[in-house]
Each structure stands twice: as structure tokens, then as C-alpha cells.
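Chains A and B are the protein sequences, given in the same order.
Taking our numbering, the leading residue of the first sequence gets 490, the next gets one more, and so forth.
Taking our numbering, the leading residue of the second sequence gets 3, the next gets one more, and so forth.
Derived by calculation from the structure, the hints in this document are not laboratory data.
The model shown is predicted, which means the values in this text are computed figures rather than measured ones.
A couple of the hints might just be wrong.
[What the hints assert, rightly or not] Estimated spans, in silico, between C-beta atoms of each pair: (1) E715(A) with A167(B): 52 to 62 Å; (2) P841(A) with I127(B): 38 to 48 Å; (3) G778(A) with I129(B): 31 to 41 Å; (4) E719(A) with A47(B): 34 to 44 Å; (5) P797(A) with A14(B): 45 to 55 Å; (6) F18(B) with I541(A): 21 to 31 Å; (7) A14(B) with H814(A): 45 to 55 Å.
Glycine residues also receive a C-beta, built at the ideal position from the N, C-alpha and C atoms.
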Amino acid sequence: MPNLSRRAVLGSAAATLAAPILRPARAAAPVQMISHRFPALEYIAEKMRGAISGVEVNTQLMPYDKALELITISLSSRAGTPDILYAANPTFITFAKNGWIRPLDDLWEKHKEEFDLGDFSPAVQTSFSYDGHRWCMPATGNVMMFFYRKDILSKAGEKPPETFVAYRDLAKSLNSPMRAGTISCQRPVNSALNEASWYINALADGWFDDKWHPVFNGPKGVAAIEMMREITKYAQQGFTNAANDECTIALQQDTAAMGLQWATRAMSMDDPKQSRVVGKIDWSVPPQGHTPQGGDGYAISAFSKQDPDVLFRILATATSKQSIHGAASLMVPTRTSVLQDEELLGKYRFFPAARACLAASQGPPRLPEFDAVGLFITRRILQALTGEMAVKPALDAAASETENFLKGHGYYQ
Amino acid sequence: MFLIPSATVLGAVLIFPLGYAVYLSLFNYDLGAGIYQFIGLDNYAALLGESRFWGSLQRTVMIVVSAVTLEFTLGLLVAYGLYRLTFGVRTLNLLMFMPNVITPVVAALFLRWIFIGRWGLLSGILIGLGIFPPDFLGEPSWARFTVILADAWQFTPFMILVLYAGLNTVDQSQIEAAHVDGAGPWTLLFRIMIPGIRPLILFVLAIRIMDSFRFFDQIYVLTAGGPGSATETITMYTYALAFRLLQIGKASALGVMTLLLVAGAITGVIATLYRRERGAF
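Excised from the complex, chain A in its bound form (with noise of 0.2 Å):
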């Protein structure tokens, strides 16, 4: 046994206190990232991780809801933490209003020649600025498209429909009990919305007027949610919990023929380990158009601790062209010179499909509220569509309660 003097004791205490004083110098903190999370988000983060080297990035990915409830707490108390963040549009306007994350435009003109920044392709730069200023890194691009099996509609003698009532007519005849006749997202908030955005753009006015005020409580937004509530009826089971994982696998597992997702989510389609219908499945523009576009970024938060121009540079290294091309199977490229190549445009078949919706595609309002506000719509449309409630007095509930919550945060004054 060793001999435990007092003063071995009191040295080795002494020595355990100042060993932090003494390091040489203390590693820098890691940069923390904190991210909504699909295949081409993972590419992302993956990139970030190895950006700079000697700059360890933690990235935490985690679904959208999870997410986007992880990062509002950190920035509505301030906290140093995340330094780098996921924002879609229009998420990252309501962290813009507020002061929580910082503006690019500083960093973007330094490094623009660096990193080619101008080859983002001018929508998605415009989709990512508010008030005048850039907020965000965008990481993907993505539009919704219509997904049908080729070979079924082929046998029915049947083409894409192009407008709702064709579409409600051949999910009708396509329904069977063990293949829906469409695929539908009606988990809200977000899936829900998006849909929803879908009928509200292509057979009624949109959500609002020129003042922010609801207009989707009209008589042709009441007719929009009347279709999706025909067209419903021929959904796979348990559309009104079913987001974009759950619409997917509904396709990929044939227990449903056709209805609209993700670009992000084609080649998943041909993949033998996911999917059983691998070369089955074709896209085309949705019916009416107007199909809901989005995509994804990532700011800097006006808390961080960490250098911006560290954190830039780890944005723009993972979003840069060369990175970009390697995840163009994921997603909608945000750069042009990557979505106009025609290798890849060959080599990835929704590339046409994509293309032609984006041109078709309309963004959600430019509303900081409007992920706030869809809580009320999609639960109000919900309960439509599952019978609680009429259409129009849903829409009448939903109409009040978001100009309640937008007259209270200051609007119609």
C-alpha cells in the first residue's frame, strides 16, 4: 500500500487544481450545429464537419419539429449555442424579425468570388433575403412534384392528371384496400401546410390578401378544401398523421399509386434497398401547378461566440459547387451551374420533372407568422377533413384565430 502523507495528499489536490491554468492553451470550443435532418441534409452535415480543418463542428440532426423547437428556445434566450442553425423559408424571417440571427450580406461580399456565391441561382438567393438583407447559406433546393406509378396509370390507359377534378377521379378508381389511390400529408404542422398551400394556390386566392389578411375562408378556398377532402378519401391509411417519411415509404412500399412529395425524396424511389417499385415511378408537374417550393439553409446566430468568418467559410466550404454536384441525387441543386449540367441531367431522371415544376412552383408567403399561424389552419383543415367540423366554419375559425394572433403582434394598424 502506498504511504498517503498529508502533504502527498495536499500536493496532488494542488496539482489536480492548476493543471486547467497551466495548459498551454485551451482548445478552441467546438462549433455547434443544430439541424432539421433528410439524406441531403445529412451530405451537409457532413460536409460541415470536415470544412476546416483544425475546426471540430458537432452537428445534431433531428426531424423539423424537434428541431425547429430546439433552436427557437436557444435563440429566444440568447444562448450561445447553436452557432450555426437550419432556417427554411420562411422559419428564418420570424429569427430575422427578432434579431436572432445575424445578416450575411458582409461575409457573402468578402467571399463571394472565393466560393462562387454568385452561382446560386437567383431565386434561391431571393428566397433566403428579407428587409433587404441575405440571412442564409442556402444548403438545397427543393419542389414539390407529382410521383405516379408509370406502370399502373400505364394498365388504366390513364396520363398524370393535370387538373384536380382528373386527379380525384383516377385516385378514386386507382383505391383499393391494399393501394391507396393517393399518397397525403396531413401531419401538422408543416406537411399539412404544405399540402394544403398546394390546393389554396391552385384553386383558390392564397392564404392572404396584400394586408396579411385570410382570405382562404373564401368561397373558392372553401371549395379548395372540399377537393382535398374528396381526394382524401382515397388516401393511404393514416394520412392525417403521415409527413413526408410516412408519404415515401407509402410509394416506395406500393401501398399507394400516386400524389405529391419531395424532390428531395425521387431517388429514393430507385433505390432496390427502399424500394419496392424501383423504375416504376415517373414525376410530372402536380395538377394546376402552383406546387409549394421550399428549400433549405443554414444562418449564423446573432448569439454566437464563435468568429463569423469561421462559420461562413463552414457554410460556404459545404455548400460550395463541388459539393453541391455530389449531393445533386438529393436534391433540387441550388447552384445553376450544377442543376443546368447536362451529365447530371441525364444521369438523374427527375432532373427534367424538377426542373419543370420549379418553374411551376410557388413559395410560401413572405409572413414571419406563418409557421405560427399554420398551427391553427392545419388543425382547423384537419378537423375537415377527419369530420369534427364543416369545411367553411373550420375555415371561418381558423380565418379568426390567425388574424387574432397577427393583430396581436401588431398587424392591421
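Guided by the hints, dock chain B onto chain A, whose structure is given.
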């Protein structure tokens, strides 16, 4: 003097957050709008005037009563079965307790893959047997049933464990006397065992009622409060107010109201179980 450390810890982890929640509930504190304004009891008045509050309260009470009743009934029956079993009790007890060890979110993810429509495990089995399954998570009444079942699956083992331990503490002389008087197993259970473990029954019911009122994780994963508002409980509504609408003041008010409701429910349970023995608690 000896109380100071414990009082400090209790104050820091219990009294301060509660006091802060009560304080915030008196403000129109909206993170999204950047508003922080004293409004007295207006948040409470607004909630009491909302049909959404009353609807979520009604659903919460329905889910709590159904889940706790199911858990208690099953728990008591299984515990009594184990009590009468002469072999393998320890192994069975261990196996049955496993669902309770799993984190609720993880358990909910398992259950989601079991109950999910069409390609979920349960649907797969039913289709294999030639039965077309119902939409467990997508149809309002089935969704309510499924979340109750999910809660029961995870928390019945807790009931079993506590009630089984309680049954083993009942005075053997009373049981023998009942046997001598010709009491059968059910008479023994209802006349001797249950009255003998009444404080323990109160304990498990109180714990489960408090827990069930806070039922969130499983509903969030299984149905997100839907379809429509079919499974939207008070905690789901609180979550929506705080994290989707960023109305922290109103969410705090709803949290305080939930606390008062749970306290009221527990008082009701104590009063019912001890109505003939005033002063027992």
C-alpha cells in the same frame, strides 16, 4: 439550521420555477412579437373563455380516467395473480417491468411502428390473418384508443410492481382467518387484500393521475395531438402555445391551471378513498 441545505435545494428546484411560472402567467409575454407586458389575470380569463381549452381539458380527463382505470384494473389483477403464483414470480415480474424501464419517447417510437397504418407490425399481422386493419392512428376514435393503450402498455408494470409489493405486506393472520371462514380468492381480494393496501392504492393512483395529466411524449410521437384535435390534451396545447406560438405567458398560465387541476384531482381521490376516515391524511 439543519433544514437550511434541504430548504435551499427545494427552493431552487421547486419553489423558484413554480413561482417564476406564476409570475410569467401574469404577463403578455410573446417571444415572437417581442411583447412583455403585465396583464394581471387576463391570460387565465382568455383560456377559460376558449373552447380549445375546454376541449383539451375534456380529452385529458377522458384519457386520464380511461388509462389509469385500465392500468389499475390490469395491474391489480396481474399483481394478485403473481401473488398466488407459486413459481417463476421473480422472472415474470422482471419481464413485465421492462416496458416501464424504456424512455417514453423511445417506447412511443416502438409503438408508432406497431400501430402505423398499413405497413405497421399490427396491421401486417392482421392482414396476414386476412383481416383488414382499422386506421389505428389516423381515425379519431381509434387514435384515442391507441394512445390510451400505449400509456397502459408502458405504465401498467409500475402498478403491478407496487401493488404486488403491497399485497405481500397484508397481515397473514387476516388471510388465514379468511380462509378458515371459507373465503374464496375473489372475496379474499376484495374484502381483505384491497382494504389492507388502501394507502398504497392511493399512492399509485395519485402518482399515475399526476403522470397521466402530464401525458405528452407518447401523444407527441404517435399522433401529434391529431387527427384534428382528437388527442390534443392540455399538455399538447401548452406545448403548442409555448413552442409553436411562442406565447410564453399564456403557456405558463395553462401550466399553473394544470397544476391546480391535478392538485384538485388528487384531493378528490384522497377524499373518495378515505371518505369514512376523516383525518387519515
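We went through each hint and held it up to the structure:
A hinted range of 52 to 62 Å for the beta carbons of E715(A) and A167(B) is consistent with their spacing of about 58 Å. A hinted range of 38 to 48 Å holds for the C-beta pair P841(A) and I127(B), which are about 42 Å apart. At about 37 Å, the beta-carbon gap between G778(A) and I129(B) stays in the expected band of 31 to 41 Å. With their beta carbons about 41 Å apart, E719(A) and A47(B) fall inside the hinted range of 34 to 44 Å.
As the Cβ distance of P797(A) to A14(B) is approximately 36 Å, the hint placing it in 45 to 55 Å is violated. Between F18(B) and I541(A) the beta carbon distance is about 42 Å. The supplied range of 21 to 31 Å is therefore violated. With their beta carbons about 54 Å apart, A14(B) and H814(A) fall inside the hinted range of 45 to 55 Å.
Violated hints, listed in ascending order, are 5 and 6; each of the other numbered hints is respected by the structure.
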